[in-house]
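Undergrad: Residues per chain, in single letters:
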Amino acid sequence: MKHPRLAGTAALLTAVALTAACSSGGGGDAGGESPSGTGPITVWLSNNEQEVGWGQDVVDAWNAEHPDEEVTAQEIPAGSSSEEAITAAITAGTAPCLVYNISSAAVPGWVRQGGLVNLSQFEDGTSYVEDRVGEGAQTYLTDDGYYQLPWKSNPVMVMYNKAVFEEAGIDPENPDMATYDDFLAGSRKIVESGAADSAIWPSPTNEFFQPWFDFYPLYLAESGGTSLVEDQAATFDDENGKAVADFWASIYSEGLAPQEASTDDAMSAGTTAMQLAGPWAIASYAESVDVGFMPVPTSSGEAEPVTFADSKNVSMFTSCENQATAWEFLKFSTSEESDGQLLEATGQMPLRTDLATTYADYFEANPAYEVFAAQAERTGDVPSIPNSVEVWQAFRDDYSSAVIFGSSTVEEFLSGAAETINGLVQG
Amino acid sequence: MSTATREPRTTEVRTTRSRWWGRQPVGSLFALPYLVFVLAIFAYPLGFAVWIAFHDYFFTAPGVDVPKPFVGLDNFAAVLTDPQVLEAFRNIGVFLVINVPLTVVLSMVLATALNAGIRWAAAYRIAFYVPYLTASVSLVGVWLLLFSSGGLVNSVLGPLAPDPSWLVNSSLAMPTIALYVTWKQLGFYILLYLAALQSVPRELHESAATDGANAWQRFRNVTVPGVRATTVLVLVLAIITGANLFTEPYLLTNGGGPDGASVTPVLLIYQRGIQQQNPDTAAAIGMLLVIVVGVLSLAANRINRER
Chain A
1 MKHPRLAGTA
11 ALLTAVALTA
21 ACSSGGGGDA
31 GGESPSGTGP
41 ITVWLSNNEQ
51 EVGWGQDVVD
61 AWNAEHPDEE
71 VTAQEIPAGS
81 SSEEAITAAI
91 TAGTAPCLVY
101 NISSAAVPGW
111 VRQGGLVNLS
121 QFEDGTSYVE
131 DRVGEGAQTY
141 LTDDGYYQLP
151 WKSNPVMVMY
161 NKAVFEEAGI
171 DPENPDMATY
181 DDFLAGSRKI
191 VESGAADSAI
201 WPSPTNEFFQ
211 PWFDFYPLYL
221 AESGGTSLVE
231 DQAATFDDEN
241 GKAVADFWAS
251 IYSEGLAPQE
261 ASTDDAMSAG
271 TTAMQLAGPW
281 AIASYAESVD
291 VGFMPVPTSS
301 GEAEPVTFAD
311 SKNVSMFTSC
321 ENQATAWEFL
331 KFSTSEESDG
341 QLLEATGQMP
351 LRTDLATTYA
361 DYFEANPAYE
371 VFAAQAERTG
381 DVPSIPNSVE
391 VWQAFRDDYS
401 SAVIFGSSTV
411 EEFLSGAAET
421 INGLVQG
Chain B
1 MSTATREPRT
11 TEVRTTRSRW
21 WGRQPVGSLF
31 ALPYLVFVLA
41 IFAYPLGFAV
51 WIAFHDYFFT
61 APGVDVPKPF
71 VGLDNFAAVL
81 TDPQVLEAFR
91 NIGVFLVINV
101 PLTVVLSMVL
111 ATALNAGIRW
121 AAAYRIAFYV
131 PYLTASVSLV
141 GVWLLLFSSG
151 GLVNSVLGPL
161 APDPSWLVNS
171 SLAMPTIALY
181 VTWKQLGFYI
191 LLYLAALQSV
201 PRELHESAAT
211 DGANAWQRFR
221 NVTVPGVRAT
231 TVLVLVLAII
241 TGANLFTEPY
251 LLTNGGGPDG
261 ASVTPVLLIY
271 QRGIQQQNPD
281 TAAAIGMLLV
291 IVVGVLSLAA
301 NRINRER
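For the protein sequence lines, the chains are A and B, in the order given. Residues 1 to 427 in full-length UniProt numbering are what the first sequence spells out, letter by letter. Residues 1 to 307 in full-length UniProt numbering are what the second sequence spells out, letter by letter.
Treat the hints with caution; some may be incorrect.
[To be verified] Calculated cross-link-like contacts (lysine to any residue; reagent style SDA-like; alpha-carbon spacing at most 20 angstroms):
#, chain 1, residue 1, chain 2, residue 2
1, B, Lys68, A, Val111
2, B, Lys68, A, Ala92
3, B, Lys68, A, Glu192
4, A, Lys162, A, Glu192
5, B, Lys68, A, Arg112
6, B, Lys68, B, Asp56
[Stated by the list, open to error] If we take Cβ atoms under 7 angstroms as the criterion, some of the chain B residues that face chain A in the derived model are:
#, residue
7, Phe59
8, Val64
9, Val168
If you're looking for bench data, these hints aren't it; they were derived computationally from the structure. Backbone N, C-alpha and C define an ideal beta-carbon position, used for all residues, glycine too.
In isolation and in its complexed conformation, chain A is listed as follows (with noise of 0.2 angstroms):
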């Protein structure tokens, strides 16, 4: 901290407020110039190394065949997530006009901003996205409109170090793991017999993202793909959410996961036998961990579960005068020849209907990525709810002091952290 500050919250109070000035100051049409406007745009990529890489490319064939309608591209700005970036961008009207990795948890507060341009203005938007998607598309629809075109999932698995399995005595290539019983008790072997300090490590912090990569990913499983919010009421104060929040809740009593964030990469480092992870991780221990995969465990043990897709999606900015060239980029960037390379480039897996089938050259020669495609076709999504980031920041308080740090029992939390959400998404 520095020296001196006036009074209490003056300077971030300052921020927040010199904000909303900008809001309220701007002029124009939140709509942009009109949907048929065409010339030059920008777009926003995430800052992984590989999807610039393949952003380059895209926009770099885009451009040859468009001299007047060129395309820019950059990296989000820097930020504590890309989402609080946009979100900046939309309240200051600098917005680009496409993103390319929107989390589906921030949509309905951006349509409430008015800054995202609803696809299905487009003549073609609503056929595009549900022919892409198919009957999964449903899920990502805001106020009846299609404010994001479905682009990339990394369905959350378990992923294993082969080698710490084999010195716990577990069998790496078949660990029937796939109960939450056999998972404990694999668990219980993994650390009682030193070959890591702990057996699955999520992060167990407090940010509202994390339930998607601890309690989600299994709640969807356990319960057939049931969303954390259906019908404008929270799901998951029943037998599912219970028998999902005692099995972490045991995770951490029995001190198989820590409760204290990893300060390195555990797995690598070796002081964690399994994570939950989607693709994206396959190329990052390619050289440094033997890794195996395995469904993430329900109760019966279910041989095909559901799982958290943990999708990232694009979405168009009211801000954009050119949208007419946005939406045809769009179109040309996630066509079947983008999305493989897309597919080859980070291994990501793209949103669309017959994953396996359309790139059966690249999972015949990339094996590992191919339980990963298989998994995609049953994932679930966060659902576009009112309130969104507020309703997952609450579950993830209420779950910390439940299942991670045990001050209060898993029924307190199923039925607290519900009656909050009801709240927040009935308004």
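Following the hints, complete the assembly by docking chain B onto the known chain A.
TA: What follows is chain B alone, placed relative to chain A:
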């Protein structure tokens, strides 16, 4: 009589005018950019934040016209009945109770020691001042390694190490943060006291010594009263910066800590205003914090003056 009554009035008006422009109007001109800066960067946003706190407000894209109705004290009622907000204020209370007295006592004692001409005084001054100059982010990394469950501190403590460890222990997280902030900022406050100690007349110490006062009595009866004005300044600054606590709990305990044990009001303002897009309730929390800090600072000032 009449002349006698008119004369002072004229003088008063003239004095007021000369005060407004100052003796050197050019000086006011030089001060003008800073005045504009204060109005634009502090006063206007602060006023706007007060306005936000009394309205149903959220950020919108430019040109999006949505109603932002006046809601009176609704936002304040919402935050005052929010258990997390109350916990955040409790947490900051714990922090201030540990941090402020430690800061005042340690910085005064260490400054007195450094002023007494001990050996290696320059090295000590630098050692105390370096943490203050170093970026919080890098120092936080060191403390994470020191105070993690497998860190150096627990290795030294062995079986005496707390379980769960320091920064994930709901009873110890905030005290650990308070110690960290005290250590980090000590150099700045020592510097203030070192400057103040220069103005305490050496003759007073010599007289006291001649009268038979020992070192503790000289410190208590000469040094402490001699630096009272600085003590008030240190108290007020420590309260204000302590109440602003954000970076340390955010980085050391990953955004709120174990079971919310290190959530602070400013951390909540960030969560509510920026992450959750509820600037109206964030502004209400900010207003409450300004009031609390103002009252504490005034109280600290008043108590010290009365002494």
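Undergrad: Which hints, by number, does the structure contradict?
TA: Hint check: 3 fails alone, others pass.
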